[in-house]
Every structure is written in structure tokens, then in C-alpha cells.
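Quick one: dock chain against chain with the hints and give me the complex.
As they're listed, the protein sequences go chains W and Y. Quick note, in the working numbering, the first sequence goes up one by one and the last residue is 376. Quick note, in the working numbering, the second sequence goes up one by one and the last residue is 779.
Think of the hints as simulated: they come from the structure by calculation, not from any bench. Remember, predicted model here, so these are calculated numbers, not experimental data. Please note that the accuracy of each hint is not assured.
With a straight-line cut-off of 25 Å between C-alpha atoms, the simulated SDA-like cross-links for lysine to any residue are [unchecked claim]:
(1) Y:K619 - W:T356
(2) Y:K495 - W:A213
(3) Y:K548 - W:A211
(4) Y:K495 - W:E114
(5) W:K171 - Y:K548
(6) W:K76 - W:R118
(7) W:K243 - W:S31
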Amino acid sequence: MTLNRLLCLLLLFGLTAACGRENENAAATPSFYAAENPAALSDWGMLAVKGGALRISYGVTVYDLATPLFSDYALKLRTVWIPGGAPAAYDAKDVFDFPIGTVITKTFYYPLTENEERNKVSAGKDHQIIDSALVLDGLRLIETRILVRRADGWDALPYVWNEEQTEATLKRTGAVLPLTLRRNDGREEMFGYLVPNANECTGCHATDATAKAIEPIGLKARYLNKPSSFAPGFNQLDHWLAKGLLTGAIAAPAPRNAVWTDKAEPLAARARAYLDINCSHCHNPRGAADTSGLNLEPDAEGPALGICKTPIAAGGGTGGRAYGIVPGRPNLSITLFRMETTDPGAMMPELGRAVTHEEGVKLIAEWIAAMDGACG
Amino acid sequence: MRVVIMLAALGMLAACAEKSEPPAAGDPSYQETLMEQLIDAAPGDVIEIPEGRFSFDRSLSLTVDGVTIRGAGMDKTVLTFAGQIAGAEGVLVTASDFTIEDLAIEDTRGDALKIAEGKNIVIRRIRTEWTTGPKTENGAYGIYPVQIENLLMEDSVAIGASDAGLYIGQSKNVVIRNNRAEYNVAGIEIENTTGADVYGNVATNNTGGILVFNMPNLKIPGARTRVFDNAVYANNTKNFGHKGTPVASIPAGSGVVINSNDQVEIFNNDIRDNKTANIIVASIFSSELGEGDMQADFDPYPEGIFIYDNAFEGGGDNPDGLDLQALKIAIAGLGALPDILWDGYVAPGRTPSDVLCVQNGDAMVVNVDGPNGNAHARIVSDGAHDCAFEKLPAIKLMEPLAE
Numbered sequence: 001m002t003l004n005r006l007l008c009l010l011l012l013f014g015l016t017a018a019c020g021r022e023n024e025n026a027a028a029t030p031s032f033y034a035a036e037n038p039a040a041l042s043d044w045g046m047l048a049v050k051g052g053a054l055r056i057s058y059g060v061t062v063y064d065l066a067t068p069l070f071s072d073y074a075l076k077l078r079t080v081w082i083p084g085g086a087p088a089a090y091d092a093k094d095v096f097d098f099p100i101g102t103v104i105t106k107t108f109y110y111p112l113t114e115n116e117e118r119n120k121v122s123a124g125k126d127h128q129i130i131d132s133a134l135v136l137d138g139l140r141l142i143e144t145r146i147l148v149r150r151a152d153g154w155d156a157l158p159y160v161w162n163e164e165q166t167e168a169t170l171k172r173t174g175a176v177l178p179l180t181l182r183r184n185d186g187r188e189e190m191f192g193y194l195v196p197n198a199n200e201c202t203g204c205h206a207t208d209a210t211a212k213a214i215e216p217i218g219l220k221a222r223y224l225n226k227p228s229s230f231a232p233g234f235n236q237l238d239h240w241l242a243k244g245l246l247t248g249a250i251a252a253p254a255p256r257n258a259v260w261t262d263k264a265e266p267l268a269a270r271a272r273a274y275l276d277i278n279c280s281h282c283h284n285p286r287g288a289a290d291t292s293g294l295n296l297e298p299d300a301e302g303p304a305l306g307i308c309k310t311p312i313a314a315g316g317g318t319g320g321r322a323y324g325i326v327p328g329r330p331n332l333s334i335t336l337f338r339m340e341t342t343d344p345g346a347m348m349p350e351l352g353r354a355v356t357h358e359e360g361v362k363l364i365a366e367w368i369a370a371m372d373g374a375c376g
Numbered sequence: 377m378r379v380v381i382m383l384a385a386l387g388m389l390a391a392c393a394e395k396s397e398p399p400a401a402g403d404p405s406y407q408e409t410l411m412e413q414l415i416d417a418a419p420g421d422v423i424e425i426p427e428g429r430f431s432f433d434r435s436l437s438l439t440v441d442g443v444t445i446r447g448a449g450m451d452k453t454v455l456t457f458a459g460q461i462a463g464a465e466g467v468l469v470t471a472s473d474f475t476i477e478d479l480a481i482e483d484t485r486g487d488a489l490k491i492a493e494g495k496n497i498v499i500r501r502i503r504t505e506w507t508t509g510p511k512t513e514n515g516a517y518g519i520y521p522v523q524i525e526n527l528l529m530e531d532s533v534a535i536g537a538s539d540a541g542l543y544i545g546q547s548k549n550v551v552i553r554n555n556r557a558e559y560n561v562a563g564i565e566i567e568n569t570t571g572a573d574v575y576g577n578v579a580t581n582n583t584g585g586i587l588v589f590n591m592p593n594l595k596i597p598g599a600r601t602r603v604f605d606n607a608v609y610a611n612n613t614k615n616f617g618h619k620g621t622p623v624a625s626i627p628a629g630s631g632v633v634i635n636s637n638d639q640v641e642i643f644n645n646d647i648r649d650n651k652t653a654n655i656i657v658a659s660i661f662s663s664e665l666g667e668g669d670m671q672a673d674f675d676p677y678p679e680g681i682f683i684y685d686n687a688f689e690g691g692g693d694n695p696d697g698l699d700l701q702a703l704k705i706a707i708a709g710l711g712a713l714p715d716i717l718w719d720g721y722v723a724p725g726r727t728p729s730d731v732l733c734v735q736n737g738d739a740m741v742v743n744v745d746g747p748n749g750n751a752h753a754r755i756v757s758d759g760a761h762d763c764a765f766e767k768l769p770a771i772k773l774m775e776p777l778a779e
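If we strip away everything but chain Y, and leave its shape as in the complex, we get (with noise of 0.2 Å):
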């Protein structure tokens, strides 16, 4: 009896020391044989990165076309650059014809995963993370594709992104669906994009869910993105934005976002328990960013925004910020402010309908008057968003991304 005892006990202190042996930092002689995969790829290579936790002091970099990296799954194959010294991202790619998928990128100082300027791109099943929590300390963008001309970005998760979980900046024909974004400041945000399906995502307990924006002095402005069938909910967590960009404007309780873009489709999604507004519509007036010079061909107003079939509930009852709480008081007393929150400026010549139409059963509008300072800050009445705009065509990924 005893001798059976103590060898269970052995067997026990091995297992122990199996488990206790891979956590914490990541092995660090993997980054050359990487780093050497990367440098030496030609098109047509797949780099297959093992089940494993890897560690990493500089960024890593892909140039050529035509290459696949892939993983053993988001969580089990793990890049982990938390003693990143050098670089501005954990994975920097350059090229056309890329696709990543099944891999987890934590920590880096920077961008966790940043894709630039390339075309037919496939960012599948990445995890980026921060994994001690939102903090402003935090790199800026989990997954960033920048400038990409036929992308696809599907069943990926971002969390703890200092600005936005996933960000698609500058780029055309572009499907973002079924990821997951969470304690980001922005959860997901489409930038001077043209032409963006965004669906089947979950954006929660970030400071803003989906944001579709448009910025000035860049090439070119964005339009037509459909924002569908998501779950944008309780997005509450208190924006920790580096102050001066675009997202540190933010009120946290924001459902989803529209700032200065124009065709933009938000329908079928269910849209909860976000503070501030569970949709906000705003012209770049509105933030921060309006009172810097912009390029003079800017278009600054928010145009052709149609909002139907959403489910809501909740939100609109504790906004952020003393404004914001002020004019709850006023315009609801201790009841929410209605599901829409528009900042009321219309470009001359235009009026309130060619801005934003609404048939979304009983939800209203609530116009808080921006150009004139709130001054009459009141829920819509009058009908003016009664109205509807061409609805959209869905996006179809091009060759060889065709579906």
C-alpha cells in the first residue's frame, strides 16, 4: 500500500513539472529560425509556425508576394513580444497574395500584426492580445491592414488594443466578418475605406464597438460600408486612447460609430446596453479632430447613412462625459437618450434626410444640435429621417479571394 502511494506520488511530481515547464516568457531561439523563414520565402512558400510559445525582441517583416504563414491555432501557437526592444510591430507585412492564419500575436510595443499597401490578403483565425488588461501603455492597433486592395479578415480576435482591435485603414473591396473585438478602445474600425461588408462580428466592453470614419489629409475618402447582422453590446470600458487620436474622442458607451462617411448601411444587428448611444452619427466638427487644418476637398459631413432592422435595447442612459450627461437631463430627465445620436451638421445646401434615414421600427433620433452648441438639443420629431436610401450592394471579394 504504501510502495503504490508513493509511486503516485512521483508519478504526480511529474506531471507537474511537464505542466509548469512551458508558461511565461516563450522560447527565444525560435526568432532567428523565423526570421530566416521570412527572409528567404519565395511565392508559394507556407510557413508553418508549431504548436509552441515563442519569444521575440524585434519585429518581424515579410516582403515577398505569395506567401501563406500559418499556425497551429490561435491558441496554441503564440508570438509573444512582451521584450520587444525594437520595431514598431510584432509582424510588419509588405505584400500581395498573404495570407496568415492560426496564430496569436501578444504584447508587442507597437501594432500587434500591421499588413501595408498589397492586394488579396486573408487574415484568419489571429489572436492579438494585451494580455494584462485596456491600457494606454498598450500597442496601438491589434490587426492593422492598411492600404489593401481585396481583403478578407475572418474568425480573428483582437483584445486590449490601445486604439482599435481591428483596424482597416485606406483600403477597397473589403469583408470583416465573425472576428471579435473586445476591451479595445475602438472594437473594430473601417478608415477611408471603400467599399466594406462588416458582419457576423461581436464587438463588447470596448470604448466604442464599430467605428466607420473618415480622416482628412489622406488620399482618398471613404463610402459605402454595410455594418450587419453584429452584436455591438455593453461597449462601456473608459476610453484609455493616447489623447490626440482619432479614437480618444470617443464617449465610452458607444454602439457604433459614423464620423465624416458617407453610404454607410447599418441593419440586422443587434445593438445593446452601450451607455452613450447605442449609434452615433457625427461630422468631424464633433471631435477633436475638427479643429486641425485639413486638406480643402475634405468632405466633413456624414452623408447617405441608413439605419434599419437593428434590434436595440438599452444604452442612451448614462452617457460619458459632463456634455453628454447634461444634455441626457434635459432631453430625457432620468430616462435614455434614444438609440440614435446625431450631432446635427449639414452640409449648406443639404438637408437632415440626405444625412440619415432611419426605419427601425419605434428607435428615434435624437439631433443634440453640435452647430449650434446644443442649443436646442432635441429628440426628432418632424419626420425628417423618415426616408431611405438605395440600399447597398453586398461586396464579392474578387480573384482569387472569390467565394
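Only chain W is shown next, with the shape it has when bound in the complex (with noise of 0.2 Å):
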């Protein structure tokens, strides 16, 4: 504090307006914990509820993906923390090398219908973060993941928000919440919305099987590379760079995936980033669904991407249908109908899915309609 107050004095012309909110945000100060979890989120520090607002901690940074995973439509904000100035290694493919004591944390928020309804979320867009803060007002904050990387590797931790919204718990065991979700067009539907348990959690993060050890997702290259939406004028991975948050150099052009949304861009590159994101964490030729044979990443073709793919032990995920994805024809593609179907028996992905993603269903539907070929 004393320092910080120092820096303001001998930076008077310069950054004082920042110092000041800085002060006046001074939400918590980070912290790693080694071994120990702690109970309450905010004995990590990096992010606060105050003011009727959560406060992103200073040295915490936001961050965004390109194309981010489908969570039942829930909002998110990202953070990453790193101690001691130690930068991650960039990686053009795999996730960036984090120095022991990385704090990742994911926050699932929706915004109300109806202030006083607590359980009636809606399908919104992303609220800004303004000067580090997420404004509470009409948002339910749900759950914070936090992976935090160890000595031993990184470990997962889920904590839900309490009713006040003012903390988070650690809830190991993960929970189901009853919510209903409305969706654009006014229509309503009742779901029971996961915060997954430490071990479904390595279910999506132990992206090599083999290894089984958890790794951050998003933290890819390709992900990460777009205009930085919180530095604005800066693509993001240069931002970081310039922070110190990332080291090691990049080759031009680094690898980038497309924006989903973004119909300036190739259907195919946004089909396949929306894939990439929802899938690849298992569909790699190293991931928990390498037993199927099927491929999602972004440079798989042919039969392991699924096209004329027959299933190996789909079971009723393949909804009556012969082949992963046959081209023209979405309604027969198995790979659809998995994104359709909300039966957990047969939905994908497994996890952290209750609804359908009806836009992601309507984007591959689009792609494999524009395919040309036939199966059989």
C-alpha cells in the first residue's frame, strides 16, 4: 500500500487518474496457495464483490477467446494471474507453459430476466468490464472455477456464489441448480445447470488421456489471438506480451481461430472454430474420445473429422443416424444430432451442456449443408 502510494506520488502527472481507481477498487490482493484450498473464493483475491460490483484484483488480467465454449448460455468472465513476473511461455498449438503459481479463474454469470427472480437467467450478451469491474446489477453470478497451477501440476476447484452474491464457497462436490432460461426470442425453458465436481472437471481439462493431467483450455494460441477487447487498439497476445504476461517469440502468422459469430469470416473457419472449442479438449487424437476415433481439431480432414465416419460405441448418440457427418446433409450427420439432443446419455459434449445451443447447432448445420459429397 505504502509503495503504491509511493508510485502515485512520483507518477503524479502520469497515472494518477489509474492510481486513484485503483485505490478506490483495491478489491483483494492475490494470492497463490501451494497446497492448501482455500474455502471462500475471495481468499484468493482475485476477484471481490464491492460496491455492488465484482472487482478484478490489480495484476489480475481479463481475458476473452475468439470462439468460447457453450456453457448453457451462461456469460464469462476469464482471468489470469501470475506471481512474481515469471511470463508463460508461448506455444503456437499446445497451451502456454504457466509458471508455478498461475491463477486461472472462470466466472459463469447470467443476466436476470426479472431482477427479483432469481432462478430466471436469460440468454444475453457479455457485459463490459469497466475500470476492472463487473456491475452486479441484474446479473446472478453462479460459479468461479479457479485452476491454479502447482508444483505438481494444475488442479481444478469449483466454488458457487451464495445468494447475497457476495462470496463464493468451494463445493468440491459440484452442484445442480435448478434454472430457467429464456431465450431471445421470449421462449422459456426449465434446466439444471451443472457446476461440475473436481473430478468431472479433469473430464474436459485431462486433454491427453494418457497423461490424465489437467491443463487449462482457452489458453491456446489460436484462442487467444484476436483484438484484445480489454486493451483496446492491441491484439491480445501482443498485449500480453507487452505486460509481461507472455514470453518467447511468434511466428507470423500466429494461429488464429475464427470468431463464430462473425459472418465476414469462411463458414467452414467458423464451423470449425466452434468445434475446436466445444469438442477438441476430448476429440484429439490423445483425448478421452480418441476411443472414437474422431478428431475435432482444427487441421483434422476425412473420416476423423467424421465426414462418412461410422461410430464406434455411440449408442443412442447416434440417433438412428449412419455417419459423423455426411456432407449436404446435417439432418443425417450424427455430429448434429449429438449438439441437438439434451439426453445425457447421448448429448455432447457430456458435460456442462442442458440446453441447446441452438445458434452453434444452426452454424454447423450451415457448414455441413455447404459440403459437397455423399456417403455409401
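Rendered as C-alpha cells:
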């Protein structure tokens, strides 16, 4: 604090405004817990609720992805914090190599349809982070997941927000929260929002099913390579380099996934970006779904991508259809069925989705419809 | 006298009340307890699940090596997932050195017990069941170990799976013995697995009894399975699998089915009353799967299939599907098809005796001439299968499962 003030004085003409805001916001001090799992989210000091807003602590960086994972229309606030100034090492394909002590948070929240009805949420647009804070009026915070890089690897910890929206507490067994979703056209449906338990975290985050180690998923070059939403005018990767969060030689052009909603981008690029972030944590040549022979990473093609591929162990997941993808025939393609269904025994992804992502389904349907060829 | 009767009546009431308490749903409060135990498990732990009926609305999962889950018996400790709202399995294990024994998993939405990518796995006296009979809506697999090295599955029971009751996929060094599979589409299915001994099992009332398959587009093909000392009878349940799945093209009334796999020995089994055929040997071209795209190096031809010393009885008398019916009438008239049905596909440069050898008394082979659209379907009379392959060695489970 003293040092902070001193800095403010020294930089009187430069950053006083920033310092003032920072003090006002002084939410908490980020901390790394090498072994202990604190019961309260606020103990980590990454985020704290103050003055009706979820405030992001000084030194904690907010980021987003070009195309995010769909999670029952929940909105997400993502942060990364690295203690002590050692940056993460860049990698063109795999997740960046973050140093011990790194803490990543992802907060899932919804806009409420009516303020008094805490269980009625809507499929809204992301809310702006202004002055490192998310104003909570009209929102409901659901859960914050922490990924922490410890000496022996990453650990995943789910925290569930309380009714008062003041604190989230560690809930290693997860939870199912009954919610009603109001879609953009006004249709409503009830669903059980799943907060994964600590083992279920592994289901997605052990992206190499042989190594079984938990890894972050979104912190890869191709997902992060986009104009920064939080440092206007910067590319997000450049911003991280400038901030000292990232190091390494980035060969131009860095890999880049499309924004799935950006119609200026090619349809195939949007579809592949969507399948990549939603599926390839399991459907990669080393992932949990390598048992199926279906690979949905950006470079997969032919039967590995599902084209005219017969299923291996899909069970009811086939939806009575013969091939993963039938070019030109989305309604004959298993891929689409598994995205549409909400039967836990047949749906994809297996976890973290209870309602159908109709906009995502539409994108993949358009992509398959535009393919040439036939099966059989 | 009157008092005595009244007392007796009261006693009976109490007994009735006690008796009618446990059935139906199950105790939901145990979910949190068990989930916590699974999350906190450490190598060497034994998680004991007491006698009782417990209900779960989410999958249970275990990611720690060296753990044992033990119930009080497959009819005493019952985990029911009838109200499941999330998770593709009942129990999902992604760990090695794992043993699960003496419990039942019922009515899951997807697979009942899946164990993926591990070594040294023991599955013992487990029952997986869909309790409302064989239905397409049932979950796909009962007991589903996949990508396992060194696996023992014994004394277990699988009932009502809409795909395979006991499904062993992409594994190595496997012993499947003394299990019972009933009313599944496939009773026991060995797929893309290398080195499996399948013996002492009972497969009955499935659509197909015991299947040994190779599927395309997977990393490793399977080979070397021995199917012996099993009772495979009356697997005549109508196929209730999901269209598009590998088992959906299995005709009802199939006893033992080999598809595109190599070096499979079928001997000393009691195989009877499977109405399509007691044994079917086929290439992927004879299933709907043959129409899909497959990786270039996939071998679609079964080879080195050796059938000997089985006891056959009945079967082949009422094959499933119009094509097979017509074939039967053409070949056998009102009689039955031979015990062994072969689709007739041979790899270029190979002969029928590279595919199939039979040393089984008077059991006959019908070659249905799949490559020519059944044009020359015939009972093989030229001795083409009167040959033998070198017998496969027994599977030895490796440490720590070695016996």
C-alpha cells in the first residue's frame, strides 16, 4: 500500500487517475496457495464483490477467446494472474506453459430476466468490464472455477456463489442448480445448471487422456489471438507480451481461430472454430474421446473429422444416423444430432450442457449443408 | 384368544411396514458422501459402499490410481441412476490399478460402468442392468472397459444394454470369464482388442451372443481372441440397437460373430438354438459399416479363424431378415442353415482356408457368397475349410493380476 502510494506520488502527472481508481477498487491482493484449498473464493484475492460490482484485483488480467465454449448460455469472466513476474511461455499449438503459482479464474454468470426472480436467467450478451469491475445489477453470479498451477501440476476447484452474491465457497462435489432459461425470442425452458465436481473437471481438462494431467483449455494461441476486448487497439497476444504475461517468439502469422458469430469470416472457419473449442479437449488424437476415432481439432479431415465415418461406441448417440457427417445432409449427420439432443446418454459435450445451443447447431448445420460429396 | 390374535396382527403390520420401506427410488443423500470419497480418494484406498439402494442424479467419477470400490454384493448394494440428469455414464473411471466388485449399477442414461485408459483393472461380481427390459432407450453399454492393458472381468452380469452388455474395446491382455450377459443387443463384445481369453461365460437371449469385431478408423486393430467353454444359446432377441451403431446390423439369432478380426479361436463351446446361425464369420463389407469411409490401412477381412470341438445344437432354422430367409430356403429348404455361416469375402491373393478352418465333427459351413450378391451361396463341400491353424497360447494376466 505504501509503495503504491509512493508510486502515485512519483507518477503524479502520469498515472494519478489510474492509481486513484486502483485504490478505490482495491478489491484484494492476489494470493497463490501452494497446497491448501481455501474455502472462500475471496481468499484467492483475484476477484471480490464490493460496492455492487465484482472487482478484478490489481495485477489480474481479464481475457477472452475468439470463440468460447458454450455453457448453457452462461456468460463468462476470465482472468489470469501470474505471481512474481515470470511470464508464460508461448506455444503455437498447445496451451502456454504457465509458471507455478499461476491462477486462472472463470466466473459463470447470467443476466436475470427480472431482478426478483433469481432463477430466471436469459441468454444475453457479454457485459462490459468497466474499470476492472463487472457491475452486478441485474446479473446472477453462478460459479467461479479456479485452475491453479501448483508444483505437481494444475488443480481445478469449483466455487459456488451464495444467494446474497457476496462470496463464493468451495464446493468440490459440485452442484446442480435449477434455472429457467429465457431465450432471445422469449421461449423459456427449465434446466439443471451443472457445477462440475472436482473429478468432472478432469473430464474436460485432462486433454491428454494418457497423461491424465489437468491443463487449461482456452489459453492457447489460436483462441487468444484476437483484438483485445480489454486493451483497445491491441491484439490480445501482443497485449500479453507487452504486459510481461507471455514470452517467446511468435512466428507470424500466429494461429488464429475465427469468431464463430462473425459472418465476415468463412463459414468453414467459423464452424471449425466452434467444434475446436467445444469438442477438441476430448476429441483430439490423445484425448478422452480418442476411443471414438473422431478428431475435431482444426487440422483434422476426412473420416477422422467424421465425414462418412461410422460410429464406434455411440449407442443412442447415433440418433439412428449412419455417419458422423454426411456432406450436404446435416439432418443425417450424427454430429448434429449429438449437439441437438439433451439426453445425457447421447448428448455432446457430455458435461456442461443441459440445453441446446441453437445458434451453434445452426452454424454446424449450415457448414455441413454446404459440403460437397456423399457417403456410402 | 382374541388378544393373542390382535397382537399377532400388530406384529404382522410392523413387519409389513418394515418390508415396504426400501424399494423403488433409493436414498439420494448418499450421492454427496460417495462423490466426496471419490474426489478425496488416494492410492490404496478401499471405498466400501454399504448394503442398500442409493440413487444418483449425476455420474460418479474416479481419477485416482490404486483405488478399490467394493459393495456388499451385486444384489445388495445397488446404485440406481433412474433419475439421472447429467453425465454420459453411471460410473466413469479414468485410472489404473483399479478394482470394482460386488455391486450393481442400474438404469443409467448412457453407459453403466466405463473404465477408460488404465492398466491392471479388475471387474468382479458387478451387475449392470436396465430394469425395464430390453429397450432401445436403454443406455448403450453395461460394463465398458476401453483402452485397458491387463484386464480381468469375472462373475459379472449385464442385462438390457441397447448396445453391448459386456464391451471390451481397444484393450490388451484380457480375461473375460464366468460372466452372464442377457437381453442385450450384443452379449459380450470384444473389439479392436489384442489377446483376449473369453471363457466360462453364459450369453443368452441377446440379439448376438459373443462378438469379436474390428472397427475401422481406430488406432489399433485387434487380433488373437480365444472364445472357449462358453454357453451361447438362444440369442434370438429382436435387435433393439440404435441404427448406425456397429451392432445394429447383427441379425437376431446370432451365436458367435466374428467381424474383420484375425486369429480368433472358437472351441469347446456349447452353442445352440441361435436361429440365424450358431457362428457367423464376416467381413465389414457384410455390415452397414462397410459403406462408410475407413482409413487406408484397415484390414476388412477376417483371417485365421479356427473353429473346433464345439457342441452345436439347433439354430439356423429361422434367420433374421428377408435376405437370409430367402437364402435359407434356397439352400436348406425347410431345414436349417449349417452351424457356421461365412460371408465369403477373401482378401486378394488369399484363399478360403486362410480365412477359416473348421475341425468340428460334422458341422458344416455355408458360404453365402457376399461378394457376388449371394449369387452362388452354397454349403461348402470341397473341403476348403478342412485345415488347422496353430493354436493360440493362453492369456496370462500380468502382475499384479497374475494368477
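Hints that the structure is at odds with (numbers, increasing) = Those not satisfied are hints 4 and 5.
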